[in-house]
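Peer 1: Now for the letters of each chain:
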Amino acid sequence: MNIVNFTPITAFTGGLLIGLAVILFFVFNGRLIGVSGIASNFLTSKNNIMDNFLFLIGLIVAPIAYKLITQKEINISISSSLLLLAIAGLLVGAGTRISGGCTSGHGISGIGRFSLRSIVATVTFMIVGILTILIKNII
Amino acid sequence: MNRVVSLISGIIFGVGLTVSQMINPAKVLGFLNIFGDWDPSLAFVMIGALIISSPFFHLCKNNKKPIFADNFSYSNNKELNKRLIIGSSLFGAGWGLAGLCPGPAIASLTLLNTSSVIFVITMFVGFYLSDIYKEK
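Protein chains in written order, with the numbering used here: chain A, 1 to 139; chain B, 1001 to 1136.
The hints are simulated quantities; they were obtained by calculation from the structure and are not laboratory data.
Source: prediction; values computed, not measured.
The beta-carbon is built from N, C-alpha and C at its ideal position, and this holds for glycine as well.
Just to be clear, a hint being listed does not mean it is correct.
Ranges between beta-carbon positions, derived for each pair [what the hints assert, rightly or not]:
id : chain 1 : residue 1 : chain 2 : residue 2 : range
1  : A       : N2        : B       : R1003     : 44 to 54 Å
2  : A       : L83       : B       : P1055     : 36 to 46 Å
3  : B       : L1129     : A       : F6        : 28 to 38 Å
Straight-line Cα separation of at most 30 Å, BS3-like style, residue types lysine-lysine; simulated pairs [as the list claims (entries may be wrong)]:
id : chain 1 : residue 1 : chain 2 : residue 2
4  : B       : K1065     : A       : K46
5  : B       : K1061     : B       : K1078
6  : B       : K1082     : A       : K136
7  : A       : K46       : B       : K1082
8  : B       : K1064     : A       : K46
9  : B       : K1061     : B       : K1082
10 : B       : K1064     : B       : K1078
11 : A       : K46       : B       : K1078
12 : B       : K1065     : B       : K1078
13 : A       : K46       : B       : K1061
Only chain A is shown next, with the shape it has when bound in the complex:
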């Protein structure tokens, strides 16, 4: 193991902001933030449709607003082929809906309230993610 590109301070700061968003949504609106849940419910359910829509809009405009205000470049590097991205998208969409959560829903909101179900889900998707990278590196 080799530690590279480690950015603990920005990671922790960003994490605090994510936590703050989770608190606001919970304390004011009584709901948990799980992006897969909000996005899939926006498509399939009429409940809270305006709230889900506005949350997603906020999420989408945030990086651009951040870029305009701070004048910092946002680096994104995606090296996967489009076919691989499409397969990954299908797996992420189906998987998060079947298990009822993603990195935010299970990993933060779920673990935050000590849900065993979410802890099991998070450990599972992290282990499978790590194995996937291992296999990808071998191939």
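Fit chain B to the given chain A structure using the hints.
Peer 2: Then chain B, alone, in the frame of chain A:
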């Protein structure tokens, strides 16, 4: 008012993903590459988010209702079943393939790269396809 909170929560969440660079799939793949060149940053994002949010969940346990809604609404499902394991495994595989999960994928749409758009479209198709898996 709850709509304003929804919008603000979305913005703060998205800024958090941007500041922490979790919007960049390379950072996420670096975290999952634990046996190679490992980037532990994602763990610090989760620690930051949990340190601040977890106490609130427990403080609010005795509150009857949230400020702008009639009641707290979230799943209280405690069942550890096959659906949870199979779903999480499928998600983990997709996450490991591309380094994108729903939050960062949607947030990165504004940066207008084809990759995010393809990923988000197929992810929405995946939401629909998941209904095929009905067993329990």
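Peer 1: If a hint holds in the structure, say so; if it does not, say that too.
Peer 2: Verification of the hints:
Taking the beta carbon of each, N2(A) and R1003(B) are about 47 Å apart, inside 44 to 54 Å as hinted. At about 44 Å, the beta-carbon gap between L83(A) and P1055(B) stays in the expected band of 36 to 46 Å. Roughly 37 Å separates the CB atoms of L1129(B) and F6(A), a value that falls within the hinted 28 to 38 Å. Of the pairs offered as hints, the one joining K1065(B) and K46(A) holds, with about 22 Å between alpha carbons and a cut-off of 30 Å not exceeded.
Between K1061(B) and K1078(B) the alpha-carbon distance is near 17 Å, which keeps this suggested pair within the 30 Å criterion. The straight-line distance between the Cα atoms of K1082(B) and K136(A) is roughly 26 Å, inside the 30 Å bound, and the hint therefore holds. Distance restraint check for K46(A) and K1082(B): the Cα-Cα separation of roughly 28 Å lies within the 30 Å cut-off, and the hinted pair is therefore satisfied. Only pairs whose Cα atoms come within 30 Å are accepted, and K1064(B) paired with K46(A) is accepted, the gap being roughly 25 Å.
Under the criterion of a C-alpha separation no larger than 30 Å, the hint pairing K1061(B) with K1082(B) is consistent with the structure, at around 29 Å. Restraint check: the Cα-Cα separation between K1064(B) and K1078(B) comes to about 21 Å, which is no more than 30 Å; the hinted pair holds. Annotation: proposed proximity of K46(A) to K1078(B) holds, straight-line Cα distance about 25 Å (limit 30 Å). For a cut-off of 30 Å, the pair hint linking K1065(B) to K1078(B) stands: about 22 Å separates their Cα positions.
Between the alpha carbons of K46(A) and K1061(B) the distance comes to roughly 28 Å, so the proposed pair stays at or under 30 Å and holds.
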